[in-house]
Each structure stands twice: as C-alpha cells, then as structure tokens.
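Read top to bottom, the protein sequences are chains A and B.
Its first residue numbered 1, the first sequence is counted upward by one per residue in our numbering.
Its first residue numbered 1001, the second sequence is counted upward by one per residue in our numbering.
These are computed hints drawn from the structure, not numbers from a lab.
It is possible that some hints are incorrect.
Straight-line distance between alpha carbons at most 20 Å, and here's what the computed SDA-like set of lysine to any residue pairs gives [claimed, not checked]:
#: 1; chain 1: B; residue 1: Lys1271; chain 2: A; residue 2: Leu59
#: 2; chain 1: B; residue 1: Lys1229; chain 2: A; residue 2: Thr102
#: 3; chain 1: A; residue 1: Lys85; chain 2: B; residue 2: Lys1229
#: 4; chain 1: A; residue 1: Lys85; chain 2: B; residue 2: Phe1368
#: 5; chain 1: B; residue 1: Lys1237; chain 2: A; residue 2: Pro108
#: 6; chain 1: A; residue 1: Lys85; chain 2: B; residue 2: Glu1367
Residues per chain, in single letters:
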Amino acid sequence: MTSSDAKADSQGFRPRVVGFLCNWCSYAGADLAGTSRLDVPAAISPIRVMCSSRVDPVLIMTALMRGADGVLVTGCHPGDCHYDKGNYFARRRFALTDQILTSLGLEPERVRLSWVSASEGPRYAEVVNEFIEEIRELGPNPMRTNRSL
Amino acid sequence: MKEGYKGLGVLMDAPDGPNAAIREMLRKGHERGACDAILVPMKVPSGDSYMHVLVDDVEMLDRAAPISPVLTVQGARAVTSLTRRGDEGVCIAAVMRPCEAEAVIELRKLFQVDLEHITIITMDSPGTVPLQDFARDPEEGERVFAEALATWDDSAMRPICQTCEKSNSAVGDLHLGLRGVQTGKVLLIPQGEKGLEAIAKLGLTPDHPIDEWKQASDKAMARKRGTRKANHEDLRKRASGLSGLLDLLGACINCHNCMRVCPICYCKQCKFDSPELRNTSSDYLDRADRSGSLRMPSDMLLFHMGRMSHMVLSCVSCGACEDACPTGVPVAQLFSLVAHDAQERFEYMPGRSSEEKRPLVTFEFEEFSEVED
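With the rest of the complex left out, here is chain B (with noise of 0.2 Å):
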C-alpha cells in the first residue's frame, strides 16, 4: 500500500453515510473546478442494476451510488472506454472500488488508458453482491448490502470479496478510509500529486493521523488473508490433477463471457475467437478417435489456461469473470488462486505501481535458475 501524505488525511463529517458524504465531496469538487465531469455507479432508472455514469450536470448526482452494492460493468473498462483515444485534457474524477482501481493501473501499463487527467477516488470496500442474486431479488440486495456496509460482516458478499485482502488497499488518488473510523465520519486520504491537488481544490488540509484507519484495515485485511489461503487451500485440493481441474470447470459452455468482462482482457482480437483455433473436422475426428470420443466445441480447458498464462500476472481478482458466468463456475476464485502463485513467484502485485513494469516485458539476469535444466 502506498502510503498517505505525511500519514494525514481529512476527517469529513458523513453524517447521512459514505455515499451522501462522497457524492458531497463530488459536488463540491465540481463546483471548485477540481473537475469537468464525474464518472460515478450509478442506480439504473429501472433500480435493478447499476452502471458507471459520466455525469456532467451536477443535479445528477443525487442518485449517484458511489459504493454500489454489485459491480457490473468494470471501472477499468468504463476508463478505458473514456480515454482510449487519447488525452483530451478533460478533467475527470472516477469513482470506483480498489480493484477496479488496480486494474485500471494494469491498462495504463498496457497503454489502454490515459490517466493524465483523471484523479481516481477509491473507498473501502465492503465487498459486493454476486450479481446474479442482485438481478433475482434487488431489493434483497439493496438489504444484504446495506448490513454489509453497517457491520463490515462479508459473508453474504461474493466468494472472491470474502478472500480479498487489498479491499482496504488506498490506490486511488483519493482513498476514503471507512473501516475504523468513527461513525458519521469518513477518512478522506490524498496520494500523490494529484490527491495534494485535488485536496487543495477542495479546500481541505490533510491534518488529520491514518493510523487507526490504518491499524484497522490493517487487522482485517491479516483476518481476510486467513480467509484467502484457506479457501486456496480448499481449491488446491478440489482442482488439482487433470479430472479434479476437469470437474470444476465442467459447466463451462464456452461462451467467454469471462474473457469479455475482464478488465486485463483488452486485446481487440483474442486467439480463442480466432480462426487459429477452428479445425478441420477431421482432425476433431482424429483427436476423438485417440480418446474415444471429443467434447464439442473442444479446448475449452485450453482456453482457460491459456488465458490464464495471458493474463494471469496482472490479475486483481476482482471477480468480474464470475459473476458473468451464467453457470456458475468458481472462475475467478481459481484465477485469483493461480494468480496468486504466479504474483508471488514473480515478486509482482498488479496495481501497487504504475512505473512499475509487467513482469513479462521486462527480466533479470540472473533468475528462475530452477526452470533451466
């Protein structure tokens, strides 16, 4: 976690909650010129889903959700969205969770976004709704969601949230600190130059010690670590091996709805829609002959390790891929788990810096000794 400025943040009063204390700070931004537009979650007119929303009339931000109880469409892809054609020196505030923070860090290495003018606002996350559940009874969500929130309890919030030990992390420009901090409060915590900025802007001066927001982000993010080895463990014996893999995976209907909703998956043309990977029948017809018989369409298992070895390295877990998997496979718990391994054998942590390169365009003289033989 990168640290705060001199460890000091502002205490902002919150006395109707985080959102009502967040879409204030929004507004008041707007109004200073810290910003030309905000792009904020968002309640649907239909109130069953919501989506990030570039808001340029201020009066819309009354029904700004800026913690939303699901993730639908990713922050990262709504940025990119924004900005792929370049800087036009419009200045944005985003408001999204740490993961989606992370992976828009992740695009900026890929040269997928263009942060020159967009200040990122993070908050603690309570974790999110899965959002099939949400879809089937929002108002059930709204209630799940809003105790999540109260109590920090997340045990009704997705698998992936559960195991998340960076939800506290600070990776925004600006980082609300919710968690430890005294009710009716919210922590307002700047990084950077650009967090100094827009502090400035709004009028605020960081006087204000992190350290028992710290402290307790601190302590539930060792309890969520606990949470996240135990259920890596439990999956490790699950998956492991050919048939146990094979089983998990067996509801997949090869519909890449997780590769199209994952932030890191950017690329314009993937291999696995690609005609690379149509054959002949024929040549099905060879490959069932020699087992027996052949699933159709084949390689499903081929896409999700190869996937897995294009992007498994920037992967935030932030469970976008298993919430759009409309049977229900584990996916995002066994990428995080493989990222996992991957991200510590690489000594890399996707989102922790922006300078900081992806570990596969960049290499030491000296290393991975136990690979050569």
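Just chain A, with the same shape it has in the complex (with noise of 0.2 Å):
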C-alpha cells in the first residue's frame, strides 16, 4: 500500500481511526474497494456490525476516550437499509452524539456518518482518505494522552 497510513507527520503522528461499518452495505463496498485495489489506507480500524443503527453513542465515546483518532460510521443510503430504517435510527443516535460533543466542547469533527453502499467501493475508499485527511489535520486526540480520564 501506498496510501497515507504509513506517513508520520512531521511531530510523527499517525492517525487512527476506527471504523463502524454496517454488515450489508458499507461492509461490502469495503470489501469491493479491496478486490478492485484501490487505495484505502490502513489507519482505519474497519469493526462490522449489522447494522449502523447498532452503534450505540457509548460505542463511538468508548473508542474516543480509549484514544481514537476518529470514528467513522457507515452504513446503507437512506431508504436502502438492510432492515428498512435501521439507518434512519441511525442517524438520530448519530446526531445526539454529535449534540453531546458539541454541547461540551469536545471536536465534534472527530465523528463522521457516511452513507456507502454494496457497490460503492471507490466511494468507501474516497471517505477513509477525506475522513483520515482531516483527523490529520485536527492532530492527536487529547484523550490519548490526558492522564486524568
């Protein structure tokens, strides 16, 4: 791989993110951007769940404060879910998260939703690069390191 997971910053910081990704679209369009060997770069941390609704706030909490990055969550298009509307619940717990981080100062940009489906493994790989560009940009998570968490 080429991609940017292997580059260290100039302060040497490599990002990582972890990755939600819903088992029937999001999964599966990563599982197309590996086949069709595109670049997709390895700071992320891809877990599978069945469905993007599934991600509970304490999940995307826990990864944060146990020093990731980022966290992105995936999941079918609105209107295509697995499960009919999985993702639309999905996106409420989303943006409570997002609520919950604002609210206390807390860089809400280090939490993403992304809508991926089955086909869209160019997409899929197209947000992992944008997403893992950013966290660069914003730098290291300070809960990585706070000794007081």
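Could you fit the two chains together into a complex? Lean on the hints.
Structural data, given as structure tokens:
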C-alpha cells in the first residue's frame, strides 16, 4: 500500500481511526474497495456491525476515550437499509452523539457518519481517505494522552 | 404548557397556607371516593427529612407536606415502585412537583409506570433546599424554604431550581397555581378528562379565569429563562473542552449515585455497572502506558457521557443527581446544559405529552442532513 497510513507527519503523528461498517452495505463496499485494489489507508480499523443503528453512542465515546483519533460510522444509504429503516435511527443516534460532543466542546469533527452502498467501493476509499486527512489536520486526540481520564 | 380546561380553574380558600389547603382537598377527595389512597411527601418521624408516603388512613394527612422543602426520592421513582406490576384498579392521587410529574410521563413512555388509575397533582414549585444543606440543619432549611414559598425568592434554593423555567408548568391532572394568586387563595387548574373528573368528584366547578396566574407565571418563567441562559453560558465556558470538563468532574468518586437516583435511569442492569467495562490489568496497563498514567477506577468521563447519551433527551432537570452527589459535582447543571441543547435540536420536550414519541424511537425521512457526510 502506498497510502497515507504509514506516513507520519513531522510531529510523528499517525492517525488511527475506528470504523463501524454495516454488514449489508458498507462492509461489502469496503470489501469491493479491497478487491478493486483501491487505495484504502490501514489507519482505519474496521469493525463490522449488523446495522449502523446498532452503534450506540457509548461505542463511539469508548473508541474516542481509548485513544482513537477519529470514529467513522457507515451504513446503507437512506431508503436502502437491509432492515428497512435502521439507518434512519442510526442518524438520530449519531446526531445525539454529535450534540453531546458539541455541547461539551469535545471536537465533534472527530466523528463522521457516511452512507456507503455495497457497490460503492470507490466511495468507501474516498470517504476513508478524506476523513483520515481531516483527522491528520486536527492532530492527535487529546484523550489519548490525558492522564485524568 | 397544556391549557387548562377552557382557561378556567377553581379559586380555593387557603387561609392557613397552600399546604393546609392541599391537605384539605386530599381529605375531601378521599372522602368522596375520588381516590383510594394518596401518595404525598411527609416529614419523617425524626423530623430531619421528607419522603413520599402512601397514605391509606386520612388521619395521617395531618402530617403531609405536599410542598416539601426538599426533593429526596424523586416522585417518579415512587410512582414506578407503586405501579410497575401493572394496573390493579387502585385509584391513587399522587402529589408531586412539576419536574417529578414530567419524569413520570417520560417513564410512561418507557413502560415503567401505569397511569390508568393515577391522578397526578402538581403545584407551582418555589424550588427546593439543597439536600445536604437540609440534612446539616433541618431547622434552618425549613425556615429558608418557608421564606421562599412566601416570597418566591429562589436565591437560597438549589441552583438547578433557580434556572428552572418549568417550575410552574401545569403538568399534573390537577395543578395548583400559587404564584400571582391572591393571598389566602390557591387556584386549582384541571387538565384533561382525569382532571375534570377529579374536580367533579370534589364537587367543584371551574369558574375562575386562570389568566392572572398564567401571566404571573409566564413573567416569572421568562425571568428564570434569563437566569438559565446566563448559567449555561457560564458553564459552557468553564466546562468546554476536555480539560475544563475533567476539572468540573474531577471530584467524582465513581459512586454512581447520580445514576441510581435518576428517575430516567430505570434499567435493571446498567452498562456502567456491568462486567463489560471490567478489563484486565494488562489492558489498564496498556492505557496507562500510552498516557503515562491512568485514573483508577477508569472511565469516569465515559460513565457521565454515556449516561448522557442514554437519558439526556428525557432529562427533566429535576436535580436529584446533584443532590445525591457526595462530592458536590454540579452534575445536574452540566446535564441540564446538554439536555437543553439536545432537546432543542430534537424539538422534544420531556414531560410535554405522553402521546409524543421519544426522539430515538422515531424519525423523519429528511432530517439532520448536517451530520451526513
């Protein structure tokens, strides 16, 4: 791989991102990105979940507090959910997470929700690359090094 | 706020103060068969606290303090413990503050209470005395509270009460308007069918306009809204960002009292008490290695933020959490700040209506496009 994952910047920062991928669309999309030999950074650690609505805000917060620099939640496009409407609930749960982080001034930019279908290998690669670049600009998650957490 | 029946209430005599008037009304209601029992705050025999008591013998009502100086067990918890096994046709009149009644409505949506035969009676709340202050000096607590009830000056009440813009909300089936009502009177405002039924059983007719009370209430609530906004802005400055937040929560001793007394936290098994968060020592050591050290027990911030994500949309800002905190963390104020933001974003008001769905169990097809990337 030639992508940004292995590259540390001048401060030696290598972003680490946790991705929650829904089984039916986004995980298949990620798989397609792989079989299409698209450039997807290894900085993302994908976790397969059966539905994006299964991602409780606590899971996102746990990832952040254990030092992930970013958390990506992906699911089927609205209208295409394997379970009909799971992703609409996912969007609400995500909006709540976003609100809590915003209200507490805890860098809501470190979390992202994107819709990726099973046929969108290139989109998956693009989303991940773009997000990791954003995280790179943000720098390391302060929660990673905070001693009083 | 729900509107009273055609904007009319019953102006009742209260020569000996609102508490005596409510006691009299409860007694009359019991006599006339409007209820089989009454759930009402009462002074404990030792005289240093108040508890919700289920009263069967009306003689006991003499000791009832419907407008009690402290919030001990949240009324919604008392109603849950009464009705969680379902409705058995026992009619109970439950007297509580608006914030407690709002929590009851949220618990109904969570299937934790059965309100079929419960008539809720609320009243304008002057606030409550901080629980620990009251425990330290009950006499002084009584005095301070009596003054607040007489003057509606809430500056000695809990901070969360001073910023509560819903303390006059007519949430109950019957609401007692006190603020802006002429001295020696209370205004009984019925709401919905249950309220009207109760009023009829009491042999009363709603014939007094509630406008005056409503105007006084709205004015007072507007003032409190200002206090709330100022308080939230101050808190936002202090608690914003990781270090500010950790400073604010720094004294937390992980006792989880805030969660245990929270009326909305009804789960039998909380994730934060479960083995799921128990990790191996090498895991902790890994984390300590990354940052140089690790606060133990760990995950204090995760607990508070996780609890927020689970209950904040239904948070009624009753302040039970802050009263229960042994180390004085302003946890209710922090939760109230986030609750306010979140409820505004979801256009949801807990306790507004039991017909309304909780935000996380419903959705619109087109919404929150700002979080989609």
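Right, here's what the structure says about each hint:
1. B:Lys1271 x A:Leu59: Since the Cα atoms of Lys1271 (chain B) and Leu59 (chain A) sit roughly 11 Å apart, the hinted pair holds (cutoff 20 Å).
2. B:Lys1229 x A:Thr102: holds (17 Å)
3. A:Lys85 x B:Lys1229: violated (37 Å)
4. A:Lys85 x B:Phe1368: holds (15 Å)
5. B:Lys1237 x A:Pro108: Satisfied, since the Cα-Cα distance of roughly 17 Å is no more than 20 Å.
6. A:Lys85 x B:Glu1367: holds (14 Å)
Checked against the numbered hints given earlier, this structure breaks only hint 3.
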